[in-house]
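Trainee: Required output: the full structure, derived from the provided sequences and hints.
First residue of the sequence shown? That's 46 in our numbering, and the numbers climb one at a time after it.
Take the hints with a grain of salt, since some may be wrong.
Computed spacing ranges between beta-carbons, pair by pair [as the list claims (entries may be wrong)]:
{"#": "1", "residue 1": "Q125", "residue 2": "D71", "range": "48 to 54 Å"}
{"#": "2", "residue 1": "G117", "residue 2": "P168", "range": "40 to 46 Å"}
{"#": "3", "residue 1": "A152", "residue 2": "P118", "range": "43 to 49 Å"}
Read the hints as simulated data drawn from the structure, not as lab findings. Only a predicted model underlies this, so the values are computations on that prediction, with no experimental measurement involved. The C-beta atom is built at its ideal place from N, Cα and C for all residues, glycine as well.
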Amino acid sequence: MISLVLLTVTILYGFYRTNPDNFTWDYLAPWITGWLTSTDHKRIGTLYFVQGLFFLGVGGIMAMMIRVQLAGPDTGFISQDQYNQFFTLHGTTMIFLAAMPLIAGFANWIVPLQIGAPDLALPRIN
Numbered sequence: 046m047i048s049l050v051l052l053t054v055t056i057l058y059g060f061y062r063t064n065p066d067n068f069t070w071d072y073l074a075p076w077i078t079g080w081l082t083s084t085d086h087k088r089i090g091t092l093y094f095v096q097g098l099f100f101l102g103v104g105g106i107m108a109m110m111i112r113v114q115l116a117g118p119d120t121g122f123i124s125q126d127q128y129n130q131f132f133t134l135h136g137t138t139m140i141f142l143a144a145m146p147l148i149a150g151f152a153n154w155i156v157p158l159q160i161g162a163p164d165l166a167l168p169r170i171n
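Mentor: This is the structure we're talking about:
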């Protein structure tokens, strides 16, 4: 959650620095909707990468919590049930929410360029 807030603040600050006099929602909204409704394979791949990197950070935080618990013989940082839940959720997050979107993002970026296609075959379905 903190990384999402920091990313939002960074983007807003970047838009403010480029045009401080006209910085309004009307200035920012077309950029956001342009990214979220794009059919360009590079933008779609970038969105997959951003989502994968975000959840890579979330899974990394879970891994650090697991390592803190294992740092000593009886740290009591999290309970036994919470440890099992974090361990399972960490694995699920890293595979399904981090690794798979990173692979899909890489495929969206590279495959159309390798085969010489101008765009994906069915960009709206992607």
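Trainee: Against this structure, judge whether each hint is valid.
Mentor: Here is how each hint holds up against the structure:
1. Look at Q125 against D71: about 53 Å separates their beta carbons, and that is inside 48 to 54 Å.
2. Here the CB-CB span from G117 to P168 is close to 52 Å, at odds with the stated 40 to 46 Å.
3. About 45 Å separates the C-beta atoms of A152 and P118, a value consistent with the hinted range of 43 to 49 Å.
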